[in-house]
Amino acid sequence: MSSIDLKTLKICRAVPTANGAIKICKIEKQDRSDAHWTSTDTTETPFTPSCYEEGNRPNRLSLDLRCEGECLEFFKSLDAWAIEQIAINGSTVFGKSFSYEEVKNMYRPCVRKSPSFDPLLRTKLTTGGYHPTRFWGTDRKSRKAPENWPTATLRTQIHIAYLYISESACGLALECTDIQVSEPSPITCPFA
Numbered sequence: 340m341s342s343i344d345l346k347t348l349k350i351c352r353a354v355p356t357a358n359g360a361i362k363i364c365k366i367e368k369q370d371r372s373d374a375h376w377t378s379t380d381t382t383e384t385p386f387t388p389s390c391y392e393e394g395n396r397p398n399r400l401s402l403d404l405r406c407e408g409e410c411l412e413f414f415k416s417l418d419a420w421a422i423e424q425i426a427i428n429g430s431t432v433f434g435k436s437f438s439y440e441e442v443k444n445m446y447r448p449c450v451r452k453s454p455s456f457d458p459l460l461r462t463k464l465t466t467g468g469y470h471p472t473r474f475w476g477t478d479r480k481s482r483k484a485p486e487n488w489p490t491a492t493l494r495t496q497i498h499i500a501y502l503y504i505s506e507s508a509c510g511l512a513l514e515c516t517d518i519q520v521s522e523p524s525p526i527t528c529p530f531a
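Counting from 1 along the sequence shown, just add 339 to a position and that's the residue number in my numbering.
Keep in mind that a hint or two might mislead.
[What the hints assert, rightly or not] Lysine to aspartate or glutamate pairs mimicking DMTMM-like chemistry, simulated, CA-CA at most 20 Å apart:
#1 Lys362 <-> Glu522
#2 Lys415 <-> Glu514
#3 Lys415 <-> Glu486
#4 Lys435 <-> Glu506
#5 Lys452 <-> Glu506
#6 Lys362 <-> Glu514
#7 Lys483 <-> Glu440
#8 Lys415 <-> Glu383
#9 Lys365 <-> Glu407
#10 Lys346 <-> Asp457
#11 Lys483 <-> Glu514
#12 Lys362 <-> Asp418
Hints listed in this document are in silico derivations from the structure and should not be mistaken for laboratory results.
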């Protein structure tokens, strides 16, 4: 597992987005490089990637990944780090200070939990634009996205991109930059 020392990460100054209702703060390492986490264990997704927007084909889709073991521990630690950093640096991030409890109540964790399903890591994948998500086979050769996402086995490289801030919520944006895909062999007819 490619781990990141959370002490090397920092939250940059808030910048307004085009719609003005949301601000974003880039997450970067102290040396100003991007922060990436790469899985060594494989995972799956119970859902085909989708978006909330109707109509136009979006460039960014939500991809929920099953999260357990070291992955779960890392992203729980990342959430705890983010809450603490936002509380400490609230005047820089939000323009005003908040208590730890206030930040904890508005923070949307990277890992969603529910009694009805395993923990899921909330990520995004990009289908177009300057930096589309790249897909790889187990042979390390470029390939297309899985045909049937819920049957595929995945390894991911995740960019811890930015902290988003709205009036009522905040959380980290996780972007899958690269996904290694293993799919079951196609079923063939057993009759000659």
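Cross-check of the supplied hints:
At roughly 38 Å between alpha-carbon atoms, lysine 362 and glutamate 522 are farther apart than 20 Å, so this suggested pair is violated. Between lysine 415 and glutamate 514, the direct Cα distance comes to roughly 17 Å. Compliance with the 20 Å bound is thereby established for this hinted pair. Proximity of lysine 415 to glutamate 486 is assessed by CA-CA distance (about 31 Å); at most 20 Å being required, the pair is judged violated. With a C-alpha separation of about 12 Å, the suggested pair lysine 435 and glutamate 506 falls inside the 20 Å cut-off, and the hint holds.
For the hint pairing lysine 452 with glutamate 506, the CA-to-CA distance comes to about 24 Å; that exceeds 20 Å, so the pair is violated. For the hint pairing lysine 362 with glutamate 514, the CA-to-CA distance comes to about 17 Å; that is within 20 Å, so the pair holds. This hinted pair does not check out: lysine 483 and glutamate 440 have alpha carbons roughly 44 Å apart, beyond 20 Å. For the proposed pair lysine 415 and glutamate 383, the alpha carbon gap of about 19 Å is at most 20 Å, so the pair holds.
A distance of roughly 26 Å separates the Cα atoms of lysine 365 and glutamate 407; the hinted pair therefore is violated under the 20 Å criterion. About 29 Å separates the Cα atoms of lysine 346 and aspartate 457, which puts this hinted pair outside 20 Å; it is violated. A threshold of 20 Å between alpha carbons decides the hint, and for lysine 483 with glutamate 514 the separation of about 18 Å falls inside it, so the pair holds. Pair hint lysine 362 plus aspartate 418 holds up; C-alpha atoms about 18 Å apart against a cutoff of 20 Å.
Hint compliance for this structure: hints 1, 3, 5, 7, 9 and 10 are not met, and every other hint is.
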